[in-house]
Structures are given as C-alpha cells and as structure tokens.
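So the sequence lines, in the order shown, correspond to chains A and B. Under the numbering used here, think of the first position of the first sequence as 1, with each following residue one higher. Under the numbering used here, think of the first position of the second sequence as 1, with each following residue one higher.
No lab work stands behind these hints, which were simulated from the structure alone. Ideal Cβ placement from N, Cα and C applies to all residues, glycine included. Please note that the accuracy of each hint is not assured.
[Claimed, not checked] Below, in silico cross-link-like pairs of lysine-lysine (DSSO-like), each with a Cα-Cα straight-line distance of 27 Å or less:
no.: 1; chain 1: A; residue 1: Lys-105; chain 2: B; residue 2: Lys-216
no.: 2; chain 1: A; residue 1: Lys-26; chain 2: A; residue 2: Lys-245
no.: 3; chain 1: A; residue 1: Lys-105; chain 2: A; residue 2: Lys-76
no.: 4; chain 1: B; residue 1: Lys-216; chain 2: A; residue 2: Lys-76
[What the hints assert, rightly or not] Here are a few chain A residues that face chain B, going by a calculated C-beta distance under 8 Å:
no.: 5; residue: Ser-48
no.: 6; residue: Ser-70
no.: 7; residue: Leu-73
no.: 8; residue: Pro-102
no.: 9; residue: Gly-106
[Said to hold, decoys possible] Which residues of chain A face chain B? A partial, calculated answer using Cβ under 10 Å:
no.: 10; residue: Ser-45
no.: 11; residue: Ala-74
no.: 12; residue: Leu-166
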Amino acid sequence: MITVENLNYSVNGTQILHDVSVDLPKGGMTALIGPNGAGKSTLLSHVSRLLPLQTGRVRVDDLEIGHCASSDLARKLAILPQQVHFVTRLSVRELIRFGRYPHCKGRLGPKDHARVDAAIEAFGLEALSDRFLDTLSGGQRHKAHVAMTYAQDTDYLLLDEPLNNLDIAASRALMALLRDLADTQNKTIVIVLHDINFAAHYADHLVVMKDGQINCTGRPEDLVTTALLRDVFGTAANVEMVCNKPYVLP
Amino acid sequence: MRINPLIIGTLVLLGCCVLFMTLNSGGHWEFILKFRGRKLAALLLVGMSVSTATLLFQTISRNHILTPSIMGFDALYVLILTMSVFVIGSAGFNQLPSQVVFTLNLVLLIAASLALFGTLLGQHRADLMRMVLTGIIFGILFRSLTAFVNRMIDPNEFATIQVRSYARFNYIDVSLLTISVVLCTIALIACWRMRRQLDVVALGYETAVNLGENVKRRQTQVLILVAVLVSVSTALVGPVAFLGLLVVSLARLVAPNQTHATLLPLCALIAGIILVGGQTILEHILGLATPLSVVVDFVGGLVFLALVLRKGWT
Ligand SMILES: Nc1ncnc2c1ncn2[C@@H]1O[C@H](COP(=O)(O)OP(=O)(O)O)[C@@H](O)[C@H]1O
Ligand SMILES: [Mg+2]
Chain A
1 MITVENLNYS
11 VNGTQILHDV
21 SVDLPKGGMT
31 ALIGPNGAGK
41 STLLSHVSRL
51 LPLQTGRVRV
61 DDLEIGHCAS
71 SDLARKLAIL
81 PQQVHFVTRL
91 SVRELIRFGR
101 YPHCKGRLGP
111 KDHARVDAAI
121 EAFGLEALSD
131 RFLDTLSGGQ
141 RHKAHVAMTY
151 AQDTDYLLLD
161 EPLNNLDIAA
171 SRALMALLRD
181 LADTQNKTIV
191 IVLHDINFAA
201 HYADHLVVMK
211 DGQINCTGRP
221 EDLVTTALLR
231 DVFGTAANVE
241 MVCNKPYVLP
Chain B
1 MRINPLIIGT
11 LVLLGCCVLF
21 MTLNSGGHWE
31 FILKFRGRKL
41 AALLLVGMSV
51 STATLLFQTI
61 SRNHILTPSI
71 MGFDALYVLI
81 LTMSVFVIGS
91 AGFNQLPSQV
101 VFTLNLVLLI
111 AASLALFGTL
121 LGQHRADLMR
131 MVLTGIIFGI
141 LFRSLTAFVN
151 RMIDPNEFAT
161 IQVRSYARFN
171 YIDVSLLTIS
181 VVLCTIALIA
191 CWRMRRQLDV
201 VALGYETAVN
211 LGENVKRRQT
221 QVLILVAVLV
231 SVSTALVGPV
241 AFLGLLVVSL
251 ARLVAPNQTH
261 ATLLPLCALI
271 AGIILVGGQT
281 ILEHILGLAT
291 PLSVVVDFVG
301 GLVFLALVLR
311 KGWT
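Construct the complete structure from the given sequences, taking the supplied hints into account.
Okay, structure coming up:
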C-alpha cells in the first residue's frame, strides 16, 4: 500500500498541496482524476521521490521516501512522468534495456534479456526495436517509454497521463495491458487519466483531486455523478449508467 | 562488418606518436627522447583531461553544446591563479614549489566550481539558454576580475601570470607533469568506473531518479572530477577554449553507440590525435609558427556555431 500522510508542498510561497493524506490500495488499478492544475502530477512526483518532501510522510509498503535508498525504491516502484525528454540518441531496445538497470546495474544477464524481449513483445515493438527514438512518432516513442517501465518489473507502476499521445486503438490496448498486469501479475497500477470514461471503465478505485486537496475516493460507480462533474470539474454534463458503469455524455 | 572506430583511432594515434618522436630528430636520441617524450606525455594527458571533462560536463548538464571552458571553468582557474600571485606576490609565488601552488589552486577551483555550478545544475528544470547565458556572464566576470587584479600588480608579477594564462603547446610546464599524471590517472579511473551510472544520468533527471540513481550526488562527484581535469590541463598548457567541444562532437559523430564505455576512450583517442598529430604537422612538416591552439580554437569555434545553428535551443 502507498500511504501519504499530511503532505504539504509550496513553491515560492504558493501552496500547491494542502495537507494531503490518502491511501492507495495495493493491487488493482487506481485512477487519479481531477481538473488541470489540481496537483495530480505533484502528488505522483512526491510518491516517486522526484520532488523533495517538505512536510509529511510517504510510504510505499515498508519503504519510507527520503529514508530508504533510491536504488531499493527503484526495484519496488516505477514512474512514467508526464513529459520525458531525451538528449541521448538511443534505439528502442537500448532504452528498454535501461529498465533493467535497478536489478543488474547495467550488466544484463539472461533473465534481464528475457524480460527486455518480453517487454518488446508485450508492446508490439518488434519491428521498431532497432530504430532510434528520434525517428519515431510521439505515440511510438511513448510506447517505448512505457515498455521500459514494464521491463523494470516493479510491484508498483505509476503513470502520469500515459494516453496523451495515443490514438483510440493504442489507448485501449495500453489500458487492457495495464489491466492485465494488475489482474494476472499482481501489479499495482496508479494512473493519472484525463478521460473520466477511461478511468471509470478500467479502474477499480478512483481518487479525485481538486485545488491541491483530495476531494473524494471510492469506486467509480459511486463517485462519477452529475454532482461530481459540477462541483469538481465545473461542467454541467450528464452521466448515464451502461452495463453498471457510469459514462459521462459529451 | 562495421570497422571499429576505437581500433582505427588507436592505430592513428600510435602513428602520430611515432612521427612526433622521430621526425627531424637529427640523431640526438638521448636528448630527443627525454625532451619530446615529456612533451608527448603532456599532450596526451591534456587531450584525455579536456575531452573527458567535456564529455562528463555534457552528461550532467544534459546538452551537447556546453563545455567546461564555455562555462568559464578555465577562466576561473586563471582568476584563482592571478589572485594567488596578487596575495602572496610573485617572489613568494616563484619560491613556492609549483606543485604546492597547483594543489592549492586545485582545491580552490573545486570549492568555487561546486558553489557556482552546483547550484546551477541543482535546478533540474534549468534550461539550456539560461545555462549558456550564465556561462558567458561567468566567463566575462572571471576575465574582467583577472584583468582588474592584473592592473593592480606590478609588471614583473604580471609576467609570472601571463606565461600561465595563454594556451601554449610549445612551452609546457613539465615540473607539474608528475602530479598531473597521478591526479589525471585517479580521475580517469574514477570516470571509467562510473561509466554505467553516467549512461543513466544522461537519460535526464526523471528517468535517472526512477532507475534509482542519486542524481544530485553524482553531479557533485562529476563536478569535482571536472575541476581536477580542467586544473591539470590548464596548468600544463593554459586554457584551450574549443578543443573539448571539437573532440566530443567528432566522437559522437563516429561512435557506434552513445554509451560512456565507448565515448570515454574514443574522445581521449581523438583528442590525442588532434593534439599530437596537429603539433607534429605544425612543428615539423609545415614549420609554421602558428600556435596549435589557434587552429584548434578556430575549427572548434566553427563546430560550436554549427551546433548552435543546427540544433537551435533544444
Ligand atoms: N515548479 C512549479 N512552480 C510553480 N508552480 C507550479 C510548479 N509545478 C506545478 N505548479 C503548480 O502546481 C499546480 C499543480 O500542478 P500539477 O500537479 O502539475 O497539476 P495536474 O497534474 O493535476 O494538472 C498547478 O497550479 C501548477 O501551476
Ligand atoms: Mg499533470
């Protein structure tokens, strides 16, 4: 379980997170939703030690952020940030091989190579594996990054808006793959999503954020209502139930 | 099969070294071997130091345009040197063993570069434009301060500094050769041992942290190594502005992959070829009085412009 307690964060006197306390359950898929600027990326950055803790505590199972070795956490939790930007010229396979770094420190053994091959296969990147990243489309490059975190093979996988550059087929394929990781390999997926329908359809658990605070948490079918869209997102949209799942009408 | 640039580089460098030692030797072997041997060692040492420092600096600052000299590292070295002449006077300065002066300067340079560049690199969102501007401002600041201090010291003392503040491949301060070899060897071994970690740091802050690297600590370690390597090369031959950029850009162009395990030796080889080969051609074949540093800086400056114009500010 990921436990966040009394997390505050401010930059230049502006408070961005206000005393956030939340538990993200182990196993299954938790989706983080909320309007732009609600603090979702900031929260994930704290959990993945990309930002320094100012006040509060964050624990991932038995590891406490700021008190555990960064390399230990790298074998337990992987993050795909909202924007990644590379200077090095790398091929897709070279990038994915870096996912094994926490386990082998750059000296890949047979097990590591097998996992890299599995990642390439799972994301259908066989044909692209020797291409350089800067010759790929935004969506293909993004897929390669997700494949790297897949190769990292951690219990927790944090993804910040991974559907941004993907078309509908690629989005559904990625969500199905993440769902499968949660269901068959016991991984915990924490994902920031823009599209509430994707969140309600695929996730087991929702965390709704607004203005740097946790607004509510719970099951999608209980949370996604006309009232939530009005109060949190500020839009008067209708919600319909289809096959026992809520859908926001555009 | 692709030909390995490392093997070609090694062969070319060996050829350059042989030519450097034997051309126009006139048979005075004992003198030649001693005199030219030291010079050769110094050139190789400078080549390895400058190229490694540049590569490492580009890795931790995550760009392929900036180098320690563009950021004002060697200007800082000359400033510290000038300050020490000013404080202890040239008489005292010339009495002290040059190794002591060198070590003192090195410690000061490490402290100053950690204070100045450490904070700059610490902001992991720092953009390239800001780094370039800061570097230019630092460079101008260090040079003007040096000029200011020069005006306050008398001409005799100024001569002491002047010899040491221009790039000179003909006159090499061999009294520092031993300590340079020792420091450089230690620094280069340290760099080689962290080559895999450097590959990870080159991926950028977020990805490197995700993979478990302590980026801040690594940046500090690398800054210390860069300061050591810059001190060694500046002490031996003076500031060389664009050599590092020229060498590392060439290496990236011909390297079969961009890992540090490939780039570190390749950069050292190319730097050695440019310095030893260039010096051989200028000294023995063309018989020109043009200093090598002028040629290297001219070509390196063109490469810098080409990089800036081609890549824009990405
Ligand atoms: N480095 C920063 N400096 C100032 N404000 C920031 C910084 N990073 C984020 N913010 C602000 O923090 C708030 C939350 O940002 P973020 O966590 O990225 O939101 P979300 O991911 O939910 O869209 C925003 O209002 C944003 O403007
Ligand atoms: Mg965000």
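Right, here's what the structure says about each hint:
A threshold of 27 Å between alpha carbons decides the hint, and for Lys-105/A with Lys-216/B the separation of about 18 Å falls inside it, so the pair holds. A hinted pair counts as satisfied when its Cα atoms are at most 27 Å apart, and Lys-26/A with Lys-245/A qualifies at roughly 22 Å. Of the pairs offered as hints, the one joining Lys-105/A and Lys-76/A holds, with about 15 Å between alpha carbons and a cut-off of 27 Å not exceeded. Annotation: proposed proximity of Lys-216/B to Lys-76/A holds, straight-line Cα distance about 21 Å (limit 27 Å).
Residue-level restraint check for Ser-48/A holds (minimum Cβ-Cβ distance to chain B is 7 Å; threshold 8 Å). With its C-beta approaching chain B no nearer than about 5 Å, Ser-70/A sits inside the 8 Å limit, and its interface hint holds. The closest approach between the C-beta of Leu-73/A and any C-beta of chain B is roughly 7 Å, which is under the 8 Å cut-off, so the hint is satisfied. Below 8 Å, beta-carbon pairs count as interface contacts, and Pro-102/A has one with chain B at about 5 Å; its hint therefore holds.
Because the smallest distance between the Cβ of Gly-106/A and any Cβ of chain B comes to about 3 Å, under 8 Å, the interface hint for this residue holds. With a cut of 10 Å, the hint placing Ser-45/A at the interface with chain B holds, because the nearest CB-to-CB distance is about 9 Å. Against a cut-off of 10 Å between C-beta atoms, the interface hint on Ala-74/A holds, since the closest Cβ of chain B lies about 3 Å away. A distance limit of 10 Å between C-beta atoms decides the matter here; for Leu-166/A the minimum to chain B is near 20 Å, and the interface restraint is violated.
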